[in-house]
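There are 2 protein chains.
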Amino acid sequence: MPRPTESASPATFPRPASAPPSEFDLIRRHFSRGTRHTDLAGGDDAALLSARPGMQLAVSTDMLVSGTHFFADTDPQDLGWKTLAVNVSDLAAMGAEPRWAFLALALPAADEDWITAFARGFYACADAFGVDLAGGDTTRGPLNLSVTIIGEVPAGAAIGRAGARAGDDLWVSGQPGLAALGLAALRGEVDLDPPGRQGCIAALQRPQPRVALGLALRGLASAMLDVSDGLLGDLAHVLAQSGAGAVIDSAALPLAALLATGAPEDKARACLLAGGDDYELLFTAAASARTDIDALSRRLALPLHRIGRITGRAGECLLRTADGEEQVLHPSGYDHFA
Amino acid sequence: MPRPTESASPATFPRPASAPPSEFDLIRRHFSRGTRHTDLAGGDDAALLSARPGMQLAVSTDMLVSGTHFFADTDPQDLGWKTLAVNVSDLAAMGAEPRWAFLALALPAADEDWITAFARGFYACADAFGVDLAGGDTTRGPLNLSVTIIGEVPAGAAIGRAGARAGDDLWVSGQPGLAALGLAALRGEVDLDPPGRQGCIAALQRPQPRVALGLALRGLASAMLDVSDGLLGDLAHVLAQSGAGAVIDSAALPLAALLATGAPEDKARACLLAGGDDYELLFTAAASARTDIDALSRRLALPLHRIGRITGRAGECLLRTADGEEQVLHPSGYDHFA
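Note that the protein sequences, when read in sequence, are chains A and B. Just so we're aligned: the first sequence equals residues 1 to 338 in the numbering used here. Just so we're aligned: the second sequence equals residues 1001 to 1338 in the numbering used here.
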């Protein structure tokens, strides 16, 4: 679309054949690497792609806005990685294999250094997870990064949020809370030991989507999502959609690694339970799956923590303390308009 | 993702069960109508959908930014229509049937009246073209509307930009130039007769994607795209990708309807050749297809103008005037960073 607030180009503007490429061409060039499993990528009205036989498509969209989702001065290479990684994580959380990404970006100016670094980070994530950048759009405007990702999952095998059943175990992968501690450290709200601080900031800026885990949990997990808004807030989505409740076992929460960063216990616990941006997988599974899940944890060299269980008391989320007392938790999702 | 520039919610914020829905919930509610051909829509990490057997998927993304692509005070219902329509048009231009849309929107505030009107326009377009709103994202930020649309086309039947061959006819649908005249009228650059002005502004604000035409041109058109940046600029894309040239026959250009609005001839001609935003289809076809295309025009009650022909002189675009003289045209695409 042309912009209505400026004059249209004249019909016969004399543009010599030797004119240098515009800034816009330069930007496009940074996002035109080859693709591996796309029938037609970029340069036409639409990209063309083919799902493999027997596959359903899983599609997710995330929009990242400067000042809302990231600091304006975030390293563009980290931002490029994260822009794609958070979308890859959405597919991992369905048990779907990420395949194609579409990137729409609005930029206040054509800053080639920024673009170069952003593209490097974006493609690093694309390469790590076998994703083709199959198309997109570039325009001028306040910095905004919008990705739509498309993946494949065998028909009927996707893991939604509504399948948790009373008696299921509640699991979480890896180390939730690191990213929130990293954010608190960047804000100067908490003092961490130097190596701990570095690890927390890396968790915030370079999240690792759990694709291998998500795929391996097909047939094992009854419900799953990625922890993007905080463990309790995301758990609330599973409970609401499954019509279930949960009891979290305080002693099973993986607090040790957070304390090892030098964080005070209260802060570590809050980050673990309510901090977002870790992109770990939160899932439920029948008790009969424990052996398989423990074996999976060893095979992937990824800790999988059994932190509680699902109950039949719809919407009730309890925390069982070390001395057996049960506290009511009020999971509160993060609301951008709250 | 939580926003790093504000504090995270406390883990156990006491939110009573009877709390009213947040503004964010209200917005989501406006975009949660039922779907007709989506396996799982909204409310999970990803939507699930299935391509029909033998179908390729066509995918396109467009990002619309306030002040760049539309005036900030544009009627939100018109904007909702257009936000989807420009994406539908991209699929029409491939000969693909639009099926699923994903809407990511950043809003400066949760203005429910605006959202209500925008959603009404968006769904009017979705209903008109059989599109499911299958998912999306909502966040706070400078107004930004990003749509990804997915459609289906029989494998191998999509109409790209690279298939124009020397000797092919050059065609354009409908009435290109109306939208650009409407924009000029809104800017006060041109005085039009009242009914003409109204028609031009409607063309700008409620473009009609040519889906039925695009589908019917499968097997007839050798190359196709939609006129979004201007007829000459978009023709240049076809010529570049096809390695071809073109001669436009000045007398065949559909100028009469533009002159009937009261526009001066120079302005009308410039809008026809270089004005964007009409979303008419520009296509090429072998001369042997003329009878079929004329019949199609009658069936759809849509004028299809044979405005020139494709030549073998790569990149050269000529205008043949009424007296047989040939002028060189320099098609110049619209560049958001120029």
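It should be emphasised that the hints constitute simulated quantities derived from the structure, not laboratory data. Beta carbons: idealized from backbone N, C-alpha and C, even for Gly. Errors might be hidden in some of the hints.
[Unchecked claim] Covered by chain B, according to a simulated footprint, are these stretches of chain A (three or more residues, beta-carbon under 8 Å): (1) 90 to 98; (2) 126 to 137; (3) 240 to 253.
Okay, the hints, checked on the actual structure:
Given as covered by chain B, the stretch 90 to 98 of chain A passes the check, having 5 residues with a CB less than 8 Å from a CB of that chain where 3 are the minimum. Check result for the stretch 126 to 137 of chain A against chain B: holds, 4 residues qualifying (beta carbon to beta carbon below 8 Å, three or more required). Using a Cβ-Cβ cut-off of 8 Å, 1 residues of the stretch 240 to 253 of chain A lie near chain B, which falls short of the minimum of three, so the contact claim is violated.
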